[in-house]
Structure formats: structure tokens, C-alpha cells
Amino acid sequence: MKMEINTPVNAEERHDGAEEEKEYIPEAFWPEFLRSFLRNKTAVLGAGTVLILILAAVFAPWVAPHDPYLVDLEIQLQKPDRTHLLGTDMFGRDVLSRIIYGSRISFVIGFIPTSISMIIGTILGMISGYYGKKTDYVIMRLCDIVMAFPSLLLAMVVMYTLGNSLLNIFIALSIVGWAGTARVVRSQTLALKEKEFVEGARAIGVRNWTIITRHIFPNCIPSLLVLFTMGIPGAILSEAGLSFLGVGAQPPTPSWGLMASAGKEFMFSAPWIALTPGLAILIIVLAFNFLGDGIRDALDPYMKQ
Amino acid sequence: MVRFILKRIIGAIPILIGVSVVVFILLNIVPGDPIALMMKEHAKPDVVARVRAQMHLDDPAYVRYFRFLWAALRGDFGISYKMNRPVVGLLVEAFPNTLILALCAAAFSWVVGIPAGIISVVRRQQLPDYLSMSFALLGVSVPVFMSGLLFQYIFAMKLGWLPVAGFKGPQFVIMPAIVLGWSSAGMIARLTRSSLLEVMGNDYIRTARAKGLTEVKVLVDHALKNSFLPIITFMAIQVASLLSGAIITESIFGIPGIGRIAVNAIQSRDMPLMQGAVMLEVLLVTLGNLSADILYSFLDPRIKYS
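Just so you know, the protein sequences line up as chains A and B, in that order.
Using the numbering used here, the first residue of the first sequence is number 815, and each one after it goes up by one.
Using the numbering used here, the first residue of the second sequence is number -19, and each one after it goes up by one.
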């Protein structure tokens, strides 16, 4: 396996022939990855669930049986029945429709802040590992500072500054999440820096930034992929937690955490209001965890560099 | 050894200072006048001016930062806007509650997580393995408020075994500690499993088996000790994740701890209280990391003390 990784093949470059740089990741990477991923049943189950949920979120107006914001005080706190599959809440809104619309928020929160923090973490991690010395020291101390906070608390401090809104959760979670990525990327960069192909590139005078983007970064992609899928459930749980505490999304947004928080007053008379959004989070997080475990296992040979 | 410990402690100081700068900047650039919060709209202008001067609100930010730092070093975090009491007093009252909750949750996570991991290695690919790994996966996936509300519904409302909320005796700790510790227990179980499996593949394990030792003896005497390092590393991260989870757990179960204080401070925009609560939690996380580092170096002599 190791041999294969080192073969300098990259279809794109071969075609334009402009550069003769060695790539660490072989052509067979994606097909091979896909094959071993598809062999893993739980991973496929997770991927399938995520796909179905994404489709439901995208086509929410067609999938949802009712208007998630429609208040109807005639049908408050109704038990689940045929017209309202998961019952209604204290304003007579259809819980299932609110959960379907709420999945949009959870997906956006899962993908966007995770991507932003991954980008920040990757850039800082590569710079830190590649340049070393003072740059490394400063960036790593910044990491230490961020990681000295319980993550939810740091997000709360940022929310205190920016005010409660869904958009600000994006910023808060991006600020909280980058440090872990930066550490992983830094240690990978440190290892890659010593490899022959990087030394070779440096010897023929390739610029530092080109080395980082063309030689170091592509080799971090496998672990970044794992970090990304593993980061999504964390972000979803954080948003739900913040909104549950009242420092996140504001009513009447159908955020799952907010729905659970509003529903907890009615735990005795109408437990479905608080518990069904929690169950929805559990399902989405489990699906992403299955997916992440599967991706990690499928990439395993590439990660042991 | 002493030098190593000292070095680690000194190394933590710049981080704590950095944290204090970050917290101070974040909490002090907030729009909104604290005076207006304290005295409402109908305060007389001269009173407002006097209080502003008393609180040094007109000084430049860096002067205020150093004043805050100097006071904080002497254990003074100012007076809560909302409660009108010293922040330190409020924190000292709340701290034991959070500590008890977090310690019980940590104990739960070790007592359940480590055996669950061991069992799943001993009975690999069998029912006990699947059961304990499902328990672990559920633990890391379930939102704390979901398990909290569900437990309240089942064990307090339906079965009446435990009190719904509050913090007035041992029976009040059980539910929140399990709810909070479950995700850590799950992580520990998964970590124990993977770490043990890795150790079990080593040559000296084969030698131990070849000597005719029973599987249990091989596991306990040879494998377990060497698989504990990653688990101890996890215990350092655990402080931070337990404190994060405690914020939500305390809010569900009505426990008057630091998490509750932080949530209330945000909602009432009580800056000194927020500042104090955050600094205390960061100090706890830093102490956790420090003790993990030291413990780690005791257990693994390969780590150099330099």
C-alpha cells in the first residue's frame, strides 16, 4: 500500500504537462476508497440516512404535511394522530412539519460552520507546521487558548458578544472548532515536511506556498475528510444545546434545540413536543457517526503515513 | 520530576493570560451600557456619571484590562450587576454543586465505560460486544437535553423513583450524573476497546498466551496497563467536555452550579458574573490538562522530563 501511495500519478497534471510535481495520493484513491466504503454496511446505512434526510430538508415545502409556522389554537397539544403524525405543540403547530423544516437548520449548521472552521484550521495548521519556530509557537498558543475553554462556554461567550441569533451561531461555532483541526493538520505537515518529495521540491526551488498547497495539502485531505464528517454531529449538537439554553436561534425558528426547550414545559401533558426533536437529533447524529466511522475505516491505509 | 511539573505549571500561565485577554475583549466590546442595565432608564444623569466614574468605565480598554487582571489575581472579580453581590461569593456557592455533579459523572463514565470496553474485547463480535458498543454509540450521539428530559419523564414522572429536579441530597445527583456521564462513558468504552485491541496484537501478548496464562490474566496483567495511556489522555479532555455538558445538565435539573450562573449571566447580560464564571471554568480545564500531563509522565517513563 505504501508503495502505491508514493507513485507520482495525477491524471490532471499528466494532461496539461505543465508541471512535473509528485503527488502523494494515487489515481486509484477514490475508486479504492469507494469500494471499501461500500463494503461497510453501517456506513452505507449512515450515508443512506443522511441522503434521505438531506432530500427531505431540501424539499421540505413538498414533504412537510403542514405549514410549520401556522398557529392554530383550536388544536393545541394534540396527541399524534393521522393528520398530525407527531402531534401538535402548544400553539397548535404541526410538530412533524417543524422537525422537517428544522432539519434545514441542522444541516446548514452541520456543514457551514464546520467547513469554515476546517478551512481556518487547515490553513493555520499547515502554516504552523511548515514554517515552525515563532509562527508555530504563536499559532499553537492560540490553539491552547481556544482549547482551554469548554467548547459550549466559548460559544456562549461569543454569543454574549454578538447577540442571540442563528447567524451568530455560525460565527461562534467556527471560532470554537478550528483549533482541533489545526493541531491534526500541523502534526501531519510536520511529518510530510520531512518526506523526499517535499525536500525535492524545495531543492529545485519551488516556492513555499506552492509546496504547501500542491504537496502538503493534498496529503492532508484523507484526515480532513474524517475530521469533517466527525465535526458535523458535534456542530449539530452544539447548536441544539445553545438553542436549548436560549442563547441560539430565537422563536419561532423551528430549531430542534429550541423546540425541545419550549416543549420541556409540557413534558407531563405532551412529552412528544420535547422528545421528538431530540429523537431527530439522535437520528441525524447517529447517521453522521456511522458515516464518519465508515469513512475513517475506508481511509485507514492512507492515514497511517 | 519536580522541574518537569514546575515547567508545566509555568507553561500554563501564558495560556491563562491569553484566555483572560480573549474573555475581556469579547465581553467588553459588547454594545450596551452596563449602567443602563443596573439602574434602568430613570436614573439621574449625575448619578449615572458618578457610578460611571466609580466603575472606571471611561478609562481606556487596556487600563481596564490591567485593573481587571490585577483584581482577578487577588481573587476579586467585581460585583454582579444583577445580583449586586461579589462575583467570587456567587461562584464559591455554585462551585461545589458543579464539582459534585462532574465528579459523579466522571466516576460513572469510568466505572461503566472501562468495563464495557473490556467486555467488548473479551467477547469480540459477540452479543456483549454489540450491546456495549451500541450503548457507547448512543451515549456519544444523544443530545444531553434529550437524555435528560427522557430520564426525567421515565424515572421521575412515570416511575417516581427519583426526584425530577433540584439538588438537595444524594438521590438528586443520580440522574444528572448518569445523563452527563453517558457520553463520556461511551467515548471511554470505544477508546478502551480500540486501544486494547491494538495492544492485544503485540508479540508479548502472544508470548503471555504461549506461557499458558488464562485469557483473563493476559488481559489484566499484560494488556490493560499498556492500553491505559490513551484513556488517561482522554481524561484531560473530559474535564472540558464534562463542564460543557454540565451547563445543559444543570439547566435541565435545576442545579445551582457554575453552568447555571453562566446561562443566567448571559440572559441578564451580567458581564462581571460571566467573566468570573468563564475564568473559573477555564482554570478547571487547565488544571485538568496539567494533571493529565503529570500523570502521563508518571505512567510512561519514555516521556522525557525536558
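Hints listed in this document are in silico derivations from the structure and should not be mistaken for laboratory results.
Hints may contain errors.
Calculated lysine-lysine pairs in the BS3-like style (CA-CA distance at most 25 Å, straight line) [as the list claims (entries may be wrong)]: (1) Lys947/A / Lys1007/A; (2) Lys1078/A / Lys205/B; (3) Lys24/B / Lys1078/A; (4) Lys948/A / Lys148/B; (5) Lys1009/A / Lys947/A; (6) Lys205/B / Lys191/B; (7) Lys1007/A / Lys893/A; (8) Lys24/B / Lys62/B; (9) Lys947/A / Lys205/B; (10) Lys148/B / Lys138/B; (11) Lys893/A / Lys205/B.
Hint check results:
no.: 1; hint: Lys947/A / Lys1007/A; in the structure: 14 Å, holds
no.: 2; hint: Lys1078/A / Lys205/B; in the structure: 44 Å, violated
no.: 3; hint: Lys24/B / Lys1078/A; in the structure: 42 Å, violated
no.: 4; hint: Lys948/A / Lys148/B; in the structure: 52 Å, violated
no.: 5; hint: Lys1009/A / Lys947/A; in the structure: 19 Å, holds
no.: 6; hint: Lys205/B / Lys191/B; in the structure: 19 Å, holds
no.: 7; hint: Lys1007/A / Lys893/A; in the structure: 61 Å, violated
no.: 8; hint: Lys24/B / Lys62/B; in the structure: 19 Å, holds
no.: 9; hint: Lys947/A / Lys205/B; in the structure: 36 Å, violated
no.: 10; hint: Lys148/B / Lys138/B; in the structure: 21 Å, holds
no.: 11; hint: Lys893/A / Lys205/B; in the structure: 53 Å, violated
Checked against the numbered hints listed earlier, the structure breaks hints 2, 3, 4, 7, 9 and 11; every other hint is satisfied.
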